[in-house]
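Listed below are the residues making up each chain.
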Amino acid sequence: MRRWLGVSVLLGVTMVTQTAVAEDIRGVTQTEIVLGMHTDLSGPAATYGVSSSNAVKMRFDEANASGGVHGRKIKLIVEDSQYQVPRAVQAGNKLINRDRIFAMIAALGTPMNNALFKEQFEAGVPNLFPLSAARSMYSPFHRLKFYSAASYVDQVRAGINYFVTQKGKKALCVMYQDTDFGKEVLDGAQMQIDELKLKLVASTTHKPTDQDFTAQITNLKSAGCDLVVLGTIVRDSIVPYSIARKIGWGEVDFLGSAAAYDLFVAAAQGGVTEGLYAMGLTDMPYRDKLTPAAQGWFDRYRARFKVEPNIGAVYGYDAADLTVLGLDRAGSDLTLDSFVSGLESIRNYRDIFNGPEVNFGPDKHQGANSSFLAVVKGGRWVRLTDALSF
Amino acid sequence: MDVVLQLLLNGLAVGCIYGLVALGFVLIYKTTELVNFAQGDLMMLGAFTCYMFVVWYGIGYWPAFALAVVTLGVFGALLDRVILRRVIGQPQFTVVMLTIGLGAIFRSFASMTWGSEIYMLPTPFSAQQTKIWGVSVSHEYISIIAGTMLLCVVLYAFFTRTRLGVAMQATSQNQLAAYYMGIPVKLVFSLIWAISAGVATIAGVLLAPISLIDANLGFIGVKAFAAAVLGGFGSIPGALVGGLTIGLIEMFSGRYLPLGFKDVAAYAVLLIVLVVRPQGMFGTVGRKRV
Amino acid sequence: MRSIFKTTYHQDFGLFRDRSQRDWYLVLVLGLLSIPFLLPAYLVDFSLVLIFGLCGLSLMVLVGYTGLVSLGHAAFLGIGAYSHVYFSQDLGVPWVVSVTLAAIVAAAAGVLVGLPALRMTGVYLAIATLAFALIIQEVFTRWDSVTGGLKGRVVERPVIFGYALHDDVAFYVLCLGFLISGLWLTRNLLRAPAGRALMAIRDSEIAAQSIGINLAFYKIMAFGYSAAMMGVAGALFAHKVGFLAPDIFTVLLSIQFLLMVVVGGLGSLHGAIFGAIFVALLPVAISTARDSVPDWFGEVFGVFGEDTGFAVSAAVDRFVKQPGLEPGIFGLILVLFILFEPQGIYGRWVKIKLYFSLFPLYKQATFKRQKSYMKSERFR
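Residue numbers (numbering that gives the first Met the number 0), protein chains in the order written: chain A, 0 to 389; chain B, 0 to 289; chain C, 0 to 379.
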C-alpha cells in the first residue's frame, strides 16, 4: 500500500511541470538591467579581482544614484571563480541560466573566459571588456566580444621592439607562467623576435602557484640573456626579479606585460623591483599624478572601500564606464541589438586615466591597441615613453 | 664551474627549506603515526605571525622570530590536545583527511585576516651579498643553510641528550612500553606537535624573504611531503636528505633538462626510488610475524 | 520495526533486500527524472552531481573497499576526458566507441600505476599516486598535438548514434543512465567473490593472503576498475565543462574527490552518492546563501530596531562576501564530520533510519565506538 502511495505521489508531482516562462529580453526589465561578473576574489589573481569588482560596483552605483540609464538601474552580480576553470564555468552557468544576466562584464582570467564563450554566446550574452588581454578576447571577430585595450601580444611586441631598436638588446629570453596567459606572452615575444630576425636564447616556465624561482633565474643567467620578457602576474614578477638582483645579475633588464604593471609590484618592500620594466595601458593610480577627475574618483574609492585603488580598479572602472556609455547610446528601447549598436557607435572615447583613445565600429571590437613603457623608480611606476608601436 | 656552484648553493638552500618542512612531517609521523598535511599551512601561519609581530607591532626581528616560534608551538600543542586527541583509533586515512581540512581552514583564516596580498618580511640581512669562490651568494640563502644546520644540531642534542628527548624516542618506538615506564605519552604527543609547528615556523620565517608571504605559501608542503617520503617516512636524517635531494634535482633539471621537466624530474625520481625501494631511502621495513 | 525473513540464498546476495526497497529506489529514479521539470535552473549543477557520483564510486571502490589511498585520481579523470575528446573529435570515432576506448586507456593507466603500487603501502602509495598525477598533468600540458596544451580544447556536444544532444535535459538523462549503470556494475562487483576479496585486503592483507587471495591480482584489478570508471566519468565531464585545459585536473581536484568519499561515508556506495551531492552542490548553496543570508540576518535582528538590523546585515554581508571563505567552509565541514560523525553522511542517514524504525527503543550507544587505542598501520 505504502509503496503505491509513494509512486503515485511522485508521478503526480511529475505531472505538474513548470512551463518555461518566455522572457522578453533576458536581464532587462522596465526598471532594471542585470549584469554579471565572474572573477578571482580569493585565488592567485585576487588583487585584480577584488579591486576590479569594487570599481565596477562603484561606477554602477554612481550611475544608479543619478537615476540609472534611461530610467533603469544596473544590478551587478559578482561570482568568485578562484581562478579555476570548473568553478568559473559553474559561476558562469549560474549567472547565465539562473540570474539571466544581460551581459558579462570584466570577467577575469584567460582560460575562464575561453571556457564560457560557447555557452555565453549561444545564450546571446555579450562579453564586455574582460580582464584578460589574450587575443581570443576579440579575435576571431565575434559580434558579442568587446575589448578595449592592447592584447598581451601587442604589448610585448611593442616593448621588445623598443628594447632591440633603441637599446640594442640582442639576447632575448622569456620567462612565462605555464598557463595560456603565459603562452600568449611567449607567442608575442616569438613573433617579434622572428620579425626582427633574432633568436630566442632561452625560456623557462613555472606554475602560477610556484613559490621559488631560483632554478629558473639560475638557468636564464647561465644562458647569458640581456633582456628577459616576463609572462607573469604579480608575485611571479616580484620574486624572480628580486632573486636575479640578489644573485648579482645586474646587466640584464626584465620586461613585463601589463599584467606586471601593478601597484604592488612597484611598491615591493626593500626596493627589490627597482629598475623593472613593464608595458602600461593607462596611468597608474598614484593620486598626485592623476587628473582632477581621476583624483575625485580616487578619493571616493578610498572612502568607500577603505583601501587605495590599484590598476585592477582602473580597468574595472573603464569597463563599467564604457558599458554605461554603450547602454546610454543604445537608447531607451534596450535590446541586444541596440546595445551592440550602441557600443559600436562609440568614437573618440578617452577615459580619466590618460588611456589611449577608444574607437569601436561594426567590425572593430578592439577599442585600442597601443601601450607605453614604464619603469619602477623609487617604488613607483614612472612612464618612460609615449605609445609604442611595432 | 661557476654555474654548477651557483646551482649547488641555491639547490642546497631550497632543499633545506623542503627538509625543514619534511622534518616537521616526520617528527609527527614517527611519534603518532599521523600524517599532517597541514604542515605547509602551519609554515604559512608562522611566517604571517612573524610578519605581524615585526610590522604591525614593531618588535625587532629576532624577538619576533622567537615569539612567533613560541606562539605557533603553543598553537600546535593546542591542535593536538583539542582536535587530534579525539580521533585516536580511527583509520589513518581519515585522520589524513582531517589534517587536509585543517589546512584549508588555516588558508581561509589567513586570507581573511591578512588579505590576499603579498607581504614582505624585513630582515636584518636583506639584499646583501658576498662572494664565495667567485659565486655571488645572497645572505638570505646563507641564513637558510646556516639556520637549518643549527636547528638540526639543536634537535639532535635534544633528542639524544635530554630526558624528554629520549622519552620521545621511546614513545615513537613502542607506545605501550612507554606507558609502562611512566612516560606521560599524551603530553609527549602535544610536545611533538609543538616542536613540529615550531620547526615549520622557522622554515617559514627563513623562506619569507625569498618567496614573499601570502596565503598560498603552504603549497610548498606538497613538495616537502614528497621529500619526506623520498627520505623514508620515519627517519629524521632521511627527511633532510630527501629535502636536499629534491632541491638539488629541481635546480639541476631546471638548468639541464628541456622545458617543463623541472617539476616532473623530482617526482619522477621519487617514483623510481619508491619502486626500487618502497620504504624510501632511509625508511625501515616492518614485518609482522604470522 | 520490521524483521527480514529470508528463505532463499538469493535474498542474501540479491541487489535489493526485498520488493519494498526495490520499489522505493524506483520512486527515487522517477524523482530524479522529474528534476529537469521541477528545477530547470539547477539542471547543470545536478548533471555535475551525477558525474561526481561516478567519480565517487570509482574512488570508493579503491579507497573505501580496498583500502588503497590515491591522491591523484584527477589524473585518470583527465586521461579519460582528453582521450575521449581526441578519439571522438580528432579521429572521428563514434561516441560510444570513443567512451569505451577512453575507459580502456584510463584502465591501462590505472594498471600502470597499480603495478609498482603493489609493493607500497599507506602513505607511500598516496605520495606515489600524487607524483603520478603531477607527471600526468605535465604530460597534458606538453603533448600539444593531442591535448591542445595550454590553449585548451573546446569540447562539442555529444552526438550519439547520429543524435546530437543539444539541450541540458538530454545530457542530464545521459549522465543519469551512466550513473545507474555504474552503480549496478559496482554493486555486482562488490557482491561477487571479487568484491569480498577487496574488502578482505582492506581489513588485513596478511589474513587475506593466508586464505588464498592473490593480492597482486586484486589490487591491480581494483586500480584498473577504478581508473576505467574515472575514464568514463572524464568523458562526461569533458562534455559538461565544454572546455578542457590541463589546469582543471589538479591535486586540489583529487583532494576534493577524497573529501567526497570521506564526508559521504567511507565504505558504502550510498556514501559516494551523498558525497557527490555534498561536493557538487555546496558551492552552489554557498553562492546562493551569500546573496540572501545578510538580508535574513538583518530581518531577524531588525526586531531590535532598524539600526541594529541594518548594522548586523552589513557586518554579515562583509563577512560572507570575503574571498577565501569557501575553502574554509569546506575544510570546516570536513573537520566537523570527521570529529563528530566519522561514518559520514550515510552513517548519519543509517542512524536516523534506525532511530525511526526502532522507535521508541533506540539506544544512543548503538553506534558508539568503544574507547579505542591507536592501531599501528605499520604492520598490516
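In case anyone wonders, no lab produced these hints; they're calculated from the structure.
Beta carbons: idealized from backbone N, C-alpha and C, even for Gly.
Among the hints, erroneous ones may be present.
Pairs of lysine-lysine residues, derived as DSSO-like cross-links and limited to a Cα-Cα distance of at most 27 angstroms, are as follows [claimed, not checked]: (1) B:185 with C:150; (2) C:350 with C:367; (3) C:350 with A:198; (4) A:363 with C:150; (5) A:168 with A:363; (6) A:376 with A:74; (7) A:305 with A:169; (8) A:117 with C:150; (9) A:168 with A:117; (10) A:198 with A:166.
Between beta-carbon pairs, the in silico distance windows are [stated by the list, open to error]: (11) B:80 with C:118: 34 to 40 angstroms; (12) B:80 with C:114: 41 to 47 angstroms; (13) A:223 with C:338: 39 to 45 angstroms; (14) C:285 with B:112: 16 to 22 angstroms; (15) B:260 with A:117: 31 to 37 angstroms.
Going by beta-carbon spacing under 8 angstroms, a handful of chain B positions derived as facing chain A [unchecked claim]: (16) 219; (17) 261; (18) 263; (19) 267.
Results for each hint:
Straight-line distance between C-alpha atoms of residue 185 (chain B) and residue 150 (chain C) comes to about 53 angstroms, which puts the hinted pair past the 27 angstroms bound. For the given pair, residue 350 (chain C) sits about 11 angstroms from residue 367 (chain C) by alpha-carbon distance, which is consistent with the 27 angstroms threshold. Annotation: proposed proximity of residue 350 (chain C) to residue 198 (chain A) is violated, straight-line Cα distance about 69 angstroms (limit 27 angstroms). Distance hint between residue 363 (chain A) and residue 150 (chain C) is fulfilled; the C-alpha atoms sit about 24 angstroms from each other, no more than 27 angstroms.
Between the alpha carbons of residue 168 (chain A) and residue 363 (chain A) the distance comes to roughly 34 angstroms, so the proposed pair goes past 27 angstroms and is violated. For the given pair, residue 376 (chain A) sits about 40 angstroms from residue 74 (chain A) by alpha-carbon distance, which is inconsistent with the 27 angstroms threshold. A distance of roughly 46 angstroms separates the Cα atoms of residue 305 (chain A) and residue 169 (chain A); the hinted pair therefore is violated under the 27 angstroms criterion. At roughly 15 angstroms between alpha-carbon atoms, residue 117 (chain A) and residue 150 (chain C) fall within 27 angstroms of each other, so this suggested pair holds.
With a C-alpha separation of about 42 angstroms, the suggested pair residue 168 (chain A) and residue 117 (chain A) falls outside the 27 angstroms cut-off, and the hint is violated. The hinted pair formed by residue 198 (chain A) and residue 166 (chain A) meets the criterion: a straight-line CA distance of about 17 angstroms does not exceed 27 angstroms. Against the hinted window of 34 to 40 angstroms, the Cβ-Cβ separation of residue 80 (chain B) and residue 118 (chain C) comes to about 37 angstroms, which satisfies the hint. The supplied range of 41 to 47 angstroms is met by residue 80 (chain B) and residue 114 (chain C), whose beta-carbon atoms lie about 43 angstroms from each other.
For residue 223 (chain A) paired with residue 338 (chain C), a C-beta distance near 57 angstroms fails the hint of 39 to 45 angstroms. Here the CB-CB span from residue 285 (chain C) to residue 112 (chain B) is close to 20 angstroms, well matched to the stated 16 to 22 angstroms. In this structure, residue 260 (chain B) and residue 117 (chain A) meet the distance hint of 31 to 37 angstroms, their C-beta atoms being roughly 34 angstroms apart. Residue-level restraint check for residue 219 (chain B) holds (minimum Cβ-Cβ distance to chain A is 5 angstroms; threshold 8 angstroms).
Satisfaction of the interface hint for residue 261 (chain B) is found here, the shortest Cβ-Cβ separation to chain A being roughly 6 angstroms, below the 8 angstroms cut-off. Taken as an interface hint, residue 263 (chain B) does not check out: its beta carbon lies about 11 angstroms from the nearest beta carbon of chain A, beyond 8 angstroms. Violation of the interface hint for residue 267 (chain B) is found here, the shortest Cβ-Cβ separation to chain A being roughly 16 angstroms, above the 8 angstroms cut-off.
The structure is inconsistent with the numbered hints 1, 3, 5, 6, 7, 9, 13, 18, 19, although it conforms to all the rest.
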